[in-house]
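S.K.: Starting from the known structure of chain A, fit chain B onto it as the hints suggest.
There are 2 protein chains.
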Amino acid sequence: MALIVQKYGGTSVGSAERIKAVADRVIRWKEKGNNIIVVVSAMSGETNRLLDLIAQLSDNGSARESDVVVSTGEQVTMGLLSLALEAKGCAACSYTGTQVKILTDSAYSKARILSIDENNLRADLNQGKVIVVAGFQGVDETGSITTLGRGGSDTTAVALAVALNANECQIYTDVDGVYTTDPRVVRNARHIPKLALEEMLEMASQGSKVLQIRAVEFAHKYDMPIRVLSSFDEGDNGKSTLVTREEDIMEKVLVRGVAFNRDEAQLTISGVPDQPGVAYKILSPIADANIEIDMIVQNVSSDGSTDFTFTVHRNDYDQAHGIICQLADNLRARECGGNKNIAKVSIVGVGMRSHAGVARTMFETLGKENINIRMISTSEIKVSVVIDEKYLELAVRSLHEGFGLDKEQQVLVD
Amino acid sequence: MALIVQKYGGTSVGSAERIKAVADRVIRWKEKGNNIIVVVSAMSGETNRLLDLIAQLSDNGSARESDVVVSTGEQVTMGLLSLALEAKGCAACSYTGTQVKILTDSAYSKARILSIDENNLRADLNQGKVIVVAGFQGVDETGSITTLGRGGSDTTAVALAVALNANECQIYTDVDGVYTTDPRVVRNARHIPKLALEEMLEMASQGSKVLQIRAVEFAHKYDMPIRVLSSFDEGDNGKSTLVTREEDIMEKVLVRGVAFNRDEAQLTISGVPDQPGVAYKILSPIADANIEIDMIVQNVSSDGSTDFTFTVHRNDYDQAHGIICQLADNLRARECGGNKNIAKVSIVGVGMRSHAGVARTMFETLGKENINIRMISTSEIKVSVVIDEKYLELAVRSLHEGFGLDKEQQVLVD
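Same order as they appear, the protein sequences are chains A and B.
FYI, the numbering for the first sequence is 0 to 413, going by numbering that gives the first Met the number 0.
FYI, the numbering for the second sequence is 0 to 413, going by numbering that gives the first Met the number 0.
Isolated chain A (complex conformation) (with noise of 0.2 Å):
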């Protein structure tokens, strides 16, 4: 009997009319012989309304207390649904993330999972229950409810796929998959039924809002196959993305799809004397805050003094800019400084693995715009630049239309 985890986002659980929706469709795959794990968010707006009463309440409240609250939106979707699908006849049995045990540090709004236990789950499985577990929380040894930050229920999916040895991963989300780029910045950007786990990685990452990142790396560590579906598509057999291992994908193209990102600031710390550790003397502060730095550059010393830039979620930009100008004096750095009207564009694709060239038609068509690139960063299957977010959309636009996203995918054969 296979085993299935869905997680439901927050607008496919948005009323009791589409908990009802999410109800039938949850039978009909546990009708198909599946053994069924249902992952909740909060219903859309309460997150919200909940985060609203904290900032009534506390400018920068104790992190503890706003996990408790906020951690309440999956826990009444967890309870809705299942009275939701015992009303339709199907043994159901909801689970907070303390009482599947599902252990986190205890870096409150962002806590990580550190293991799950899966003996609950499976004593209720055996029985034939649905169990829904509510997204996006854990519990941290001293029992203090964790939350695991925005979009978090996404990782547990996966989380609690990897621990039960899922056979699949399901996403149901209000968008039908992945496309080649945002349709609402690139009207004719494309689906796309199947990409590497690597790609999405690097697409969740850049900015695609699809997959949370955590939850892609999750999956790809464990090759965990999860596929991205719409909740408002009827019936099962609408279009989707099957993110999985690269040796499981025939067509593998040179461009997947163009990413980018709006949430993000540079900062930089400039003349420092270039000395072995600086990295390090620069980074751990800001890691021992627990911000979460994305991309770094560090270019090769002139007169013996080197400047360093990374950016951050623009949220952590005040907290960040104040660690960094803190440390210049004692680095004896020249000046810090930073910007956050900045954004990231990447491309993305495991064809770049062997083929040349691609960064240089990046570079190229971004300069026929006219558009001034702040940074560059490189890894093996991408190429991003920041650039001044006013060029954005022109950016992802000529990039997508450069790269040929809009039309049928050039196929690599070697």
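In case anyone wonders, no lab produced these hints; they're calculated from the structure.
You may find that some hints are simply not true.
[Said to hold, decoys possible] Computed cross-link-like contacts, SDA-like style, restricted to lysine to any residue with a CA-CA straight-line distance of at most 20 Å:
1) A:Lys220 x A:Leu113
2) B:Lys406 x B:Arg189
3) B:Lys109 x B:Asn59
4) B:Lys87 x A:Asn59
5) A:Lys100 x B:Leu102
6) B:Lys100 x A:Leu102
7) B:Lys19 x A:Asn59
8) A:Lys19 x B:Ala62
9) B:Lys100 x A:Asp139
10) B:Lys19 x A:Leu241
11) A:Lys19 x B:Gln55
12) A:Lys19 x B:Asp51
13) A:Lys19 x A:Asp232
14) B:Lys19 x A:Arg48
15) B:Lys87 x A:Gly60
[Said to hold, decoys possible] Covered stretches of chain A, as calculated for chain B (at least 3 residues, CB under 8 Å):
16) 55-63
17) 73-83
What you are looking at is a predicted structure, and each value in this text was computed from that prediction instead of being measured.
Ideal Cβ placement from N, Cα and C applies to all residues, glycine included.
M.R.: Okay, now just chain B, sitting in the frame of chain A:
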């Protein structure tokens, strides 16, 4: 250092502003040198919002899953109040029923508390923290969330006060104490500054809405004084009602107040062959269905058969009616019937113990108004009658005046 348990009801925490006012009050009590445990209800309207969602998904849903949903109301409040306290510089820590480990049985939606683990709370109190506990909820042996039934936050507060040996249990509500009867029915109802736990027990069980009966039972059993106060009073010197041991009350009166209840329904199984064990046979399936019975009346039998009448909460009427009609055949009863349009009116006072004639005055007063009495039941300190619901207000007003409760009370000296 004194330990005070305070409970704030739904209207007391009905908005961010109200929660801030509660935080201010808690801090004032703390600054007087007390240790404080706060028990909170859901924000007013929230429980009904959740019940409405549940009703949209399930006609007669799993009580386990309903409790999962409903219990989030108190969890939100406890987090918000903790945030408000911390924003005002007061260290606080919140606890769900699961986190305290308020162990209950598994009677979802009306669970009973079995034990309270005080260890974690003690540790936090010793660190000077204010503890904020979600009322109305517990956890059963399997780790499932349970709720204690409507008004159960009072029970949580008293149970915590008893478990931690508190000096006083303060119940903050939207009224400033107990009155001789409901001021909405009798405008010149008088405030009672002090009454005996036993009187409160009868007042509460007879329908005064200020305190939940189980909370008073708990307090009575363990001699825990309860003070009822209004969270809408500015400052902390407003009126209040102290509910305490009879021995601690100097002024005993004949009749303390008039209580009433329109949430009941009456069930009768008549013409039952009068044999030993018949009452047990009737009531035990009702108890098995977890339906609470209030009054029970059985009169002496004539012609070898007897009529057996009891009252239940009106919500339980249909279920109870079904049960006794099924029984009627087995018991060879003549018929079973019932009536939903009844109300119960009671007079309560510890002075009755030693003074006859109170019941006679009651019946005389009702008779003068032409109100027919359907059932009578008495205890040491109260007399209750069941009448047609339409006479309720008239009965309460005439009894309130008949016993002189609108005037300065006559104090009994022996």
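S.K.: Take the stretch 55-63 of chain A, compare each residue's beta carbon with every beta carbon of chain B, and decide whether three or more fall closer than 8 Å.
M.R.: holds (count 7)
S.K.: Going straight from one Cα to the other, do Lys19 of chain A and Ala62 of chain B come out at no more than 20 Å?
M.R.: 18 Å, holds
S.K.: Given the hint that Lys100 of chain A pairs with Leu102 of chain B, test it: the Cα-Cα distance must not exceed 20 Å.
M.R.: 18 Å, holds
S.K.: Closer than 8 Å Cβ to Cβ for three or more residues is the test here. Does the stretch 73-83 of chain A pass it with chain B?
M.R.: holds (count 8)
S.K.: Would you check the hint for Lys87 of chain B and Asn59 of chain A, treating anything up to 20 Å between C-alpha atoms as holding?
M.R.: With Cα atoms ~12 Å apart, Lys87 of chain B and Asn59 of chain A stay inside 20 Å; holds.
S.K.: Going straight from one Cα to the other, do Lys19 of chain B and Asn59 of chain A come out at no more than 20 Å?
M.R.: Status holds; Cα separation ~15 Å.
S.K.: Compare the distance between the alpha carbons of Lys19 of chain A and Asp51 of chain B with 20 Å, and conclude whether the hinted pair is satisfied.
M.R.: The given pair, whose Cα atoms are some 15 Å apart, holds under the 20 Å limit.
S.K.: Hinted pair, alpha-carbon criterion (20 Å max): Lys100 of chain B, Asp139 of chain A. Please report holds or violated.
M.R.: 16 Å, holds
S.K.: Between Lys220 of chain A and Leu113 of chain A, is the straight-line Cα distance small enough, at 20 Å or below?
M.R.: Holds, because 14 Å separates the two Cα atoms, which is no more than 20 Å.
S.K.: Does Lys19 of chain B pair with Arg48 of chain A here, judged by a C-alpha cut-off of 20 Å?
M.R.: Given pair Lys19 of chain B, Arg48 of chain A holds - Cα atoms ~18 Å apart, limit 20 Å.
S.K.: Would you check the hint for Lys19 of chain A and Asp232 of chain A, treating anything up to 20 Å between C-alpha atoms as holding?
M.R.: 14 Å, holds
S.K.: Given the hinted pair Lys406 of chain B and Arg189 of chain B, is their Cα-Cα distance within 20 Å?
M.R.: Holds. Lys406 of chain B to Arg189 of chain B sits at ~8 Å (cutoff 20 Å).
Violated hints amount to a single one, hint 10; each of the other numbered hints is respected by the structure.
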